[in-house]
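Colleague: Residues per chain are reported as follows:
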Amino acid sequence: MIKISKLVHDYIQRDEEGNPSGTVRAIDDVSLDVKPGQFIAILGHNGSGKSTLAKHLNALLFPTEGAVWVNGLDTRDRDLLWDVRQTAGMVFQNPDNQIIGQVVEEDVGFGPENMGVPTEEIWKRVEESLKAVSMYDYRKKSPNRLSGGQKQRVCIAGVIAMHPRCIVMDEPTAMLDPSGRADVIRAALDLNRNEGITVILITHYMEEAIQADHIFVMDKGKVTMQGSPREVFSRVEEMQALHLDVPQVTLLAHRLRQSGLAIPEGILTKEELAEALRRCRQ
Amino acid sequence: MFKDITLGQYYQTDSLLHRLDPRVKLVGTLVYIISLFVVDSFTGYILAGIFLVCMIRLSNVPVGFIVRGMRAILILLLITMSFNLFLTPGEVIFRAGFLKITKQGLSFAVKMAIRLSLLVIGSSLMTLTTTPNQLTDAIESLLGPMKRFRVPVHEIAMMMSIALRFIPILMEETDKIMKAQIARGADFESKNLIKKMKSLVPLLVPLFISAFRRANDLAMAMEARCYRGGAGRTKMKPLVYQGRDQAAYFVLVAFFAVCVVLRLAPIPF
Numbered sequence: 542m543i544k545i546s547k548l549v550h551d552y553i554q555r556d557e558e559g560n561p562s563g564t565v566r567a568i569d570d571v572s573l574d575v576k577p578g579q580f581i582a583i584l585g586h587n588g589s590g591k592s593t594l595a596k597h598l599n600a601l602l603f604p605t606e607g608a609v610w611v612n613g614l615d616t617r618d619r620d621l622l623w624d625v626r627q628t629a630g631m632v633f634q635n636p637d638n639q640i641i642g643q644v645v646e647e648d649v650g651f652g653p654e655n656m657g658v659p660t661e662e663i664w665k666r667v668e669e670s671l672k673a674v675s676m677y678d679y680r681k682k683s684p685n686r687l688s689g690g691q692k693q694r695v696c697i698a699g700v701i702a703m704h705p706r707c708i709v710m711d712e713p714t715a716m717l718d719p720s721g722r723a724d725v726i727r728a729a730l731d732l733n734r735n736e737g738i739t740v741i742l743i744t745h746y747m748e749e750a751i752q753a754d755h756i757f758v759m760d761k762g763k764v765t766m767q768g769s770p771r772e773v774f775s776r777v778e779e780m781q782a783l784h785l786d787v788p789q790v791t792l793l794a795h796r797l798r799q800s801g802l803a804i805p806e807g808i809l810t811k812e813e814l815a816e817a818l819r820r821c822r823q
Numbered sequence: 265m266f267k268d269i270t271l272g273q274y275y276q277t278d279s280l281l282h283r284l285d286p287r288v289k290l291v292g293t294l295v296y297i298i299s300l301f302v303v304d305s306f307t308g309y310i311l312a313g314i315f316l317v318c319m320i321r322l323s324n325v326p327v328g329f330i331v332r333g334m335r336a337i338l339i340l341l342l343i344t345m346s347f348n349l350f351l352t353p354g355e356v357i358f359r360a361g362f363l364k365i366t367k368q369g370l371s372f373a374v375k376m377a378i379r380l381s382l383l384v385i386g387s388s389l390m391t392l393t394t395t396p397n398q399l400t401d402a403i404e405s406l407l408g409p410m411k412r413f414r415v416p417v418h419e420i421a422m423m424m425s426i427a428l429r430f431i432p433i434l435m436e437e438t439d440k441i442m443k444a445q446i447a448r449g450a451d452f453e454s455k456n457l458i459k460k461m462k463s464l465v466p467l468l469v470p471l472f473i474s475a476f477r478r479a480n481d482l483a484m485a486m487e488a489r490c491y492r493g494g495a496g497r498t499k500m501k502p503l504v505y506q507g508r509d510q511a512a513y514f515v516l517v518a519f520f521a522v523c524v525v526l527r528l529a530p531i532p533f
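Heads up: the protein sequence lines correspond to chains Z and Y, in order.
Residues 542 to 823 (my numbering) are what the first sequence spells out, left to right.
Residues 265 to 533 (my numbering) are what the second sequence spells out, left to right.
If you're looking for bench data, these hints aren't it; they were derived computationally from the structure.
Ideal placement from N, C-alpha and C gives every residue a C-beta, glycine not left out.
Mixed in with the good hints there might be a few duds.
[Claimed, not checked] So the derived list for chain Z, only partly shown, Cβ under 7 Å to chain Y, looks like this:
#, residue
1, Arg626
2, Gln643
3, Gly650
4, Asn655
5, Met656
6, Thr660
7, Ser720
This is chain Z alone, in the form it adopts within the complex (with noise of 0.2 Å):
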């Protein structure tokens, strides 16, 4: 679905006359590969290069050096920059700064309206992918007047009713209270799960990344960790050494198997850490 190749990513700073006076670099040398229908969780504190990673996926930054493929779309190509767009749907931070319309309805209507498609079409795709996030009820409402987490549903609707192959979320959760949270999370994977649409998220709430298939974790714009939840989450002082949280439960874990307890590492909820104490006690 998505296969990055060597990717660099050089930020050009300019001086206060506006002449370039150096290059950052934010991405440097990543290469990794997405499946078609995978969750993929990309980890990693701030100005780790998270957010360059998934600009590129969807043709709104250029490699500077290496190169990225959406779905077989060469991302360099400008003349498929459209198409790439539309396979790689984008979710921002903050739904306020992407909801475009003044009514839920029309403002999922933007991506179709956008792409050409007939009004009928449009309609159909609207009443989908409000349902597909639950915000159907709302559709003749004012954005303004929903929540955090019900607006950045509706930017997921917006989203999938271009009907993307892909969806990347950059920190969809960021600005959005524990409920909020929960639905958007909820919202994305009955997508990945009922629909086949891979989705990339990016978060540094550890929480959320649990249910992913994989996870990348990145630091100073390389990629330093990857495996599935439990392999990257069972090196606790790696990810600490990052700057990252690994879920509570895991760390608890971590603790009491320090501390001389018989517990397994890499355990990710409260079940499975119930079961290994009980292991424990017999």
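Assemble chain Y onto chain Z, guided by the hints.
Modeller: Then chain Y, alone, in the frame of chain Z:
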């Protein structure tokens, strides 16, 4: 508290006027305003008044709601009236000190007041029955022919609708910044005009920075959703004229014709 502000105060209900094509209402309002300046006799104003009352009845908007909107222009109305009343030369009918009222002045003042009131009620009736969105659509469609002269019609309409979308957001933001600055000891209550102006600086600077940041984000989000200008775009809600819209145009032409006739015909009153 700012969440409830809607520009142009759209009144949500169902009526013939609400269902009319926004282009008809926009053209209609323009024609009505022009006709108010075409007629200059009381007969004409009575006709225009009757026309407006009929429209209000058709719109299902409560009269009280419309009258309340008039309060805003009451002062403007009084000032215009008194200027016309006292400063028009002619046959004096009343004098108090340096103030004099002339027959012509009285007639001018009354006509001006009627004209202004009808104008304001007429145009507010349009905004009461048309959502800002429909209005931008109508403007885009009506200015469509200007594209031939390289006027960026679609871009103007898009800018208007984005501006409308962001008004409540920026209002809320203003409110937040204001509270944040008050918490830091800023004084927005001062009666002193210069102090008041100065106190706006710590409000406007963060507001502008945030507005630019939002604009940047929004541009990126629009591009990510394949926005590339008006070319090749389809409409989710295209404007299509119905039978009632044609009928409305016909009524409009008839009304305007009567106004022109009234102007040309020698009516003493």
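Colleague: All hints, please: hold or fail.
Modeller: How the hints compare with the structure:
no., hint, result
1, Arg626, "holds (5 Å)"
2, Gln643, "holds (5 Å)"
3, Gly650, "holds (4 Å)"
4, Asn655, "holds (4 Å)"
5, Met656, "holds (6 Å)"
6, Thr660, "holds (6 Å)"
7, Ser720, "violated (20 Å)"
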